[in-house]
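Just need the whole structure built from these sequences, with the hints factored in.
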Amino acid sequence: MATSTQVPIKSILKSATTSLDNQQNDKTRAQKDRENLTIALKHAHLIQHQKNLQALILSAIETLLDFPPLNSTTTPTSPPPTPPQTQLLNLLSPFQPSDLDDLVTERRIDGKCGYALCPNPPRSSTAPSWKLKPNTAINPSDYCSKPCQFRTQHIRDQLSPIPAWERDPSQPPIRIRLLDEPEEPTNPTKPVATATEAHHDGSGPHKILAAERADNPTSTRPARVLSPFIVEKAPKPFVPKVSSLGSAKVSSTAIEGYEPRRRLGEERSSVGSGRGGVGRGKRKPKDGFGKVEGAGRDGDADGLDDLKRFDDVDDRGVGAIMYGMDGEVVKEVWHGEAGSSGDADEEQEEEKGEGQKEKKVNDG
Amino acid sequence: MGDDQRELSRLWRILRTTKQMCADRGYELTDEECNISLADFRAQYADESGAPQRAKMAFTARPSDDMVKRYTPLPRPGQQDEPMPLIGTIHVEFANDPSIGIKHLKAFAQLLNEKNYYTGVFVTAAAPTSSALKIVPSVLPTQIEVFREEDLLVNISRHELVPKHTLLSSEDKKRLLERYRLKETQLPRIRMDDPMAKYLGLRRGQVVKIIRKSETAGRYASYRWVI
Ligand SMILES: [Zn+2]
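Residue numbers (full-length UniProt numbering), protein chains in the order written: chain R, 1 to 364; chain Z, 1 to 227.
Mixed in with the good hints there might be a few duds.
Said to hold, decoys possible - Only part of the chain R face toward chain Z is listed, based on derived beta-carbon distances under 7 angstroms:
1) I47
2) L56
3) D101
4) D102
5) T105
6) I109
7) E232
These aren't lab readings, by the way, just hints derived from the structure by calculation. Virtual Cβ for every residue (Gly too), placed ideally from N, Cα, C.
Below, the structure is given as structure tokens:
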């Protein structure tokens, strides 16, 4: 049917970009590269930070493995050493509960009571290993006595479950208290300051207590890489480009609501007088070949003219017109014909054979 | 008595696999050493009661010339003196402690340092703790490899379904990448904790050649980058 049709050949190659476009592309690419580099660096720093803290925790475990420190090593001339309690608390500050469990395990293997300030051996040396482990992370056989177990449990309950590298730096570090420590902190430097600050903040004692209990853990994880920067997508106003037949425009050839475009004249050509090359692109209409109607040229978007024209065009019997989404005629079915299609994205004028009316389909 | 026998034959297999592993990597070990008979093993490593002595099983081995060559990096442009080979004597110890903690591995690392061993292989009956394993990267450049005894009962490289893995020297690696015009990152990869990578003691950045047998193609080689 469509053998005699020739449609203008459209290149599938990309049109050559202008140098301006290239410049634009280079610019956007450079910017993208810069952004990617920033993100990569940020990640690298975070990973390094995490590694540093993990190394710090490991070395803290190594130090606490040899706790309590022997007093004999300090010479009388040296300044009074920091009490082991303070050392312990400093070393524990980046710990998670699981790190404390690791420490307890290491101390048990080394034959020491799980509580870092206790020099006694644990009970476990004789404990049967086939015993089911209690559900809690604290295993009584890791300690020399109940008090040591309770002291460790007390510390463990205060440790933040958030890994040290994800803790919010703006949040004051949780102050860990030892069980047998008096309520009033003996070292009134930093912890008190933060506590009073918190009071002045108006956050009240409840918040401090909650922070102490790690009730309300604050993690920086989501905010670390993603900066809270929201780009609103500019809303595109909806412009209906449908014809007045809009509501009735369901096509049988539509694929999932989209109409494959076909060129006008593909089907029509055979209806013509057999003249080859009907509808060849930019051919100017000649009088002898009929007339070209320029409906839609006047910019009518409603397609009323098209419709009207079809009324007088139709001397071939019953037909149906289908409209695509943007108001162009996408399909006409005429009696006795398989149907034809239109493509109106170019100012393309189609010629028909003699005696047949020409029409122009335009999407306005 | 029966327990001792079972333990003895178990350790015999473990020692054989360990020595075969070292020989496969290129250390100088004789075939007799690698394929010691159970009777010889009993004679050498069991005490009077017939119980095996892990402490006696420790051994050291020197890298062969070929292995030294394979581990010598290419000289950097402008570098005058010959680059140092990144390999040296290997020392293998067998530990029977019920649990292995930081202290054990730190002591092992210290021993390696004192004796100037390049690589240490620590074969343990019990699983080391997680923090003990974290010690391993912290003592670099001393190389510590930790193996569980149960992983050495059978020599996985001798299994018929395991293709032959060979480490490429720096020069071979360079030639491979040039020939196929590749960057090393474009190669397929093998993880360092892959059993065969552990068996050969592969290090990050090395390239291993894997020769497989194929019914249709005879033998074909593929290359993997260690990550
Ligand atoms: Zn205790």
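Status of the hints after comparison with the structure:
no., hint, in the structure
1, I47, "violated (14 angstroms)"
2, L56, "violated (12 angstroms)"
3, D101, "violated (10 angstroms)"
4, D102, "holds (5 angstroms)"
5, T105, "holds (5 angstroms)"
6, I109, "holds (4 angstroms)"
7, E232, "violated (38 angstroms)"
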